[in-house]
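Use the sequences and the hints to build the structure in full.
Protein chains in written order, with this note's numbering: chain C, 5 to 399; chain D, 8 to 303.
Keep in mind that the hints were calculated from the coordinates and are not lab data.
Quick caveat: nothing in here was measured; it's all calculated off a predicted structure.
Errors might be hidden in some of the hints.
Simulated restraints, written as ranges between beta carbons of each label pair [claimed, not checked]: (1) C/His380 with D/Cys45: 47 to 53 Å; (2) C/Ala214 with D/Asp296: 32 to 38 Å; (3) C/Arg19 with D/Lys215: 35 to 41 Å; (4) D/Arg293 with C/Glu207: 29 to 35 Å; (5) C/Gln265 with D/Glu246: 31 to 37 Å; (6) D/Ala177 with C/Tyr262: 40 to 46 Å.
A virtual CB, placed ideally from N, CA and C, is assigned to each residue, including glycine.
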Amino acid sequence: MSAAQNLILSPVWDRARTGTHFLSGDHACAEGAIYAGCRFFAGYPITPATEIAERLAERLPEIGGQYIQMEDEIASMAAILGASVTGAKSMTATSGPGFSLMMENLGLGYMEEIPTVVVDVQRGGPSTGLPTSVGQQDMMQARFGPHGDFTSITFSPQSPQEAFNLTVHAFNVAERLRTPVLLMMDEVVGHMYERVVIPPAGEIPLVSRARPTVPPEEYHTYRPGPDLVPPMALAGDGYSVLFTGLTHDEDGRPVTTYAAQKVLVPRLREKILRNREVYERVGLYKTEDATTLVISYGITARSARRAVDLGREKGLPIGLFRPLSVWPFPAEKLRSLKNVKRIVVAEINMGQVVLEVRRIAGPYAEVLHVGNAGGHVISAETILEACTAPPEAKP
Amino acid sequence: MTANASAATSPAMNGMAHVGPHPYDHLLRSADLPTIWCPGCGIGTAVGALIYGFEQAAIPMEKRVIVGGIGCSSRIVFYAKTDAYHTTHGRTIPFATGIKLCNPTLNVVVFAGDGDLFAIGGNHFIHAARRNMDLLVVCINNFNYGMTGGQGGPTTPAGALSTTTPYGNAEFPFNLPELAATAGATYVARWTTLDVRRLRNTFADVLKRHGFRFVEVLAPCPVSFGKTNKIGSGVEEMEYYEGLEVLKSRVEATEVPKTNIELGKPIIVGTFVDREAETFRDRYARVIDKARGSKS
Chain C
5 MSAAQNLILS PVWDRARTGT HFLSGDHACA EGAIYAGCRF FAGYPITPAT
55 EIAERLAERL PEIGGQYIQM EDEIASMAAI LGASVTGAKS MTATSGPGFS
105 LMMENLGLGY MEEIPTVVVD VQRGGPSTGL PTSVGQQDMM QARFGPHGDF
155 TSITFSPQSP QEAFNLTVHA FNVAERLRTP VLLMMDEVVG HMYERVVIPP
205 AGEIPLVSRA RPTVPPEEYH TYRPGPDLVP PMALAGDGYS VLFTGLTHDE
255 DGRPVTTYAA QKVLVPRLRE KILRNREVYE RVGLYKTEDA TTLVISYGIT
305 ARSARRAVDL GREKGLPIGL FRPLSVWPFP AEKLRSLKNV KRIVVAEINM
355 GQVVLEVRRI AGPYAEVLHV GNAGGHVISA ETILEACTAP PEAKP
Chain D
8 MTANASAATS PAMNGMAHVG PHPYDHLLRS ADLPTIWCPG CGIGTAVGAL
58 IYGFEQAAIP MEKRVIVGGI GCSSRIVFYA KTDAYHTTHG RTIPFATGIK
108 LCNPTLNVVV FAGDGDLFAI GGNHFIHAAR RNMDLLVVCI NNFNYGMTGG
158 QGGPTTPAGA LSTTTPYGNA EFPFNLPELA ATAGATYVAR WTTLDVRRLR
208 NTFADVLKRH GFRFVEVLAP CPVSFGKTNK IGSGVEEMEY YEGLEVLKSR
258 VEATEVPKTN IELGKPIIVG TFVDREAETF RDRYARVIDK ARGSKS
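Below is the structure:
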């Protein structure tokens with residue numbers, strides 16, 4: 005074994021490409037991963053996410069990391085979980101069809117509490133759909149894709165710069181809460197080129213998972229701390245850890261009973277919900293006096309901001325609520341905007357995040373949806389039209 | 008936990024004070040014994056042989072990793088004391104790939120059944136062999152899906168009975184040693200659980216080596232396959248093997264068997280492939296050197 009041995013965890017070659025660049029969203033995401041300390045990428049080519057794999061195939065070996073192209077997305081997802089149990093920060097990137105294949109092992113990641121990052125550069129679906137055109141139709145899959153009860157943490161960037169920033173954040177959150185984290189990009193953000201500033205290494209603080217502080221005989225693989233996150237012993241640490249996707253007790257031993265299930269599964273959910281300050285990010289624009297609120301994310305949020313500007317020019321009290329963390333939806337932040345009477349959710353699908361917004365705000369505001377079936381960026385004019393439409397007739 | 012302490016606390020030992028600690032107790036998650044495996048099942052024999060192999064090969068405890076999938080064989084993770092990862096059905100090999108690549112000092116063993124490795128996981132098997140991923144893959148082949156009650160699978164012999172082939176299996180099985188060799192495995196052997204000593208020695212040997220190593224272990228499943236096909240109890244299935252085994256080679260690699268296992272026909276056992284080749288990790292190390300050289 006030559007130079008490559010044991011360099012995955014070595015900080016010596018940490019090299020962020022500090023500076024100002026002209027990058028696509030896909031490449032910015034890849035650079036965000038490098039910055040965050042990702043040293044292992046397993047993936048499978050798919051439009052429009054391929055450029056992330058290509059960039060990392062070139063960049064990772066430069067810094068002593070590894071790229072491996074697996075036989076499919078099922079294997080890719082499994083490999084990044086395996087990488088992570090050794091302590092390596094790992095990632096994969098795909099689009100809808102591959103994202104569907106990843107659901108099986110994504111669920112394993114939630115159940116075994118393995119930190120990793122999964123990127124979905126969304127295109128139009130279902131099925132093969134529109135490989136080269138935009139979609140935001142996998143948002144409910146990000147929320148509910150794997151079978152069983154769990155809570156996902158999902159981010160969505162509106163620009164290459166934000167793809168960089170949120171990729172770094174996604175790794176930090178995954179490590180902090182010991183869970184897979186999803187980055188839901190879209191084809192337009194993935195392929196568009198813009199200015200991206202990469203700060204000096206260390207300027208954005210990086211997080212590594214908590215490790216056990218007790219000797220092996222006192223360690224319990226899944227005994228959580230006060231924050232509900234169990235410290236994670238790595239393969240090779242000498243703790244003889246036991247991980248299973250079966251319902252398990254604090255030692256990882258399989259206990260397939262109702263009693264064990266009602267302890268484990270609610271904790272996995274609460275671990276996410278009680279630690280909102282770790283991950284929650286919302287962009288607000290002209291919301292102070294807004295009675296009409298546009299909620300949007302990803303590329304659509306940029307049309308939404310333009311719609312707000314156009315509306316303000318006409319004197320309309322419109323604002324933009326932009327969840328960078330889409331799941332869990334930032335419900336309290338939305339409810340805190342007390343003047344809101346109408347909400348327009350703009351997203352490139354036939355109604356997904358709007359369902360959660362309606363659940364949260366339906367009791368006090370009129371919630372409308374603006375979308376399409378994929379393949380077309382929603383215009384500012386279309387969003388503004390919904391903002392100014394007469395109130396819907398109640399049935 | 009010491010061997011004595013584990014014997015004193017093991018539920019399996021309740022009322023059995025005359026039974027002393029087993030010499031392997033400290034290598035087992037003793038509190039979880041007895042195993043779920045049926046009387047006469049061959050998996051425990053293979054697990055014992057693997058643990059023996061770890062000891063003989065003097066692999067440090069903290070370097071031992073076992074990755075299991077879903078099924079009877081994969082339950083090894085709950086009994087053998089190593090770092091142990093129970094994954095999804097069929098995905099052992101890619102999960103183990105991530106482990107091995109990110110910590111090459113670990114000795115990573117994939118231990119799973121024929122359905123897990125060759126039906127749902129077949130694609131991963133051939134690609135890991137093609138890459139010469141540095142893994143030992145142990146397949147417990149009991150010719151059917153035991154945990155779900157004896158359904159037919161990718162190794163069920165043609166014509167054999169199972170709950171899903173009630174009129175006889177219309178499919179042909181994989182010939183696993185030939186498949187592994189063709190896909191690029193650097194070591195291929197097949198034994199039955201009757202061959203305990205050979206199996207132990209095989210593990211003791213191959214655990215110290217590198218590359219994609221494949222050991223097929225034919226194991227009785229008297230409760231399902233043996234009963235359905237009138238082979239009989241675990242002991243009778245062992246006698247069945249004893250009558251049909253044809254030993255091709257003890258140590259030196261010999262020709263890979265070209266014929267499928269058929270009911271009532273001779274079963275060729277032995278070491279079939281034994282060669283050295285660069286692993287994926289060896290080759291990727293050069294990629295790293297090249298990438299660093301060109302960019303720094």
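Hint check:
In this structure the hint that C/His380 and D/Cys45 lie 47 to 53 Å apart at CB is violated, the actual value being about 59 Å. Checked against the given bound of 32 to 38 Å, the beta carbons of C/Ala214 and D/Asp296, roughly 34 Å apart, stay inside it. For the pair C/Arg19 and D/Lys215, the supplied restraint of 35 to 41 Å holds, since their beta-carbon distance comes to about 36 Å. About 34 Å separates the C-beta atoms of D/Arg293 and C/Glu207, a value consistent with the hinted range of 29 to 35 Å.
In this structure the hint that C/Gln265 and D/Glu246 lie 31 to 37 Å apart at CB is violated, the actual value being about 43 Å. Between D/Ala177 and C/Tyr262 the CB atoms are about 41 Å apart, so this pair conforms to the stated range of 40 to 46 Å.
Hint compliance for this structure: hints 1, 5 are broken, all remaining hints hold.
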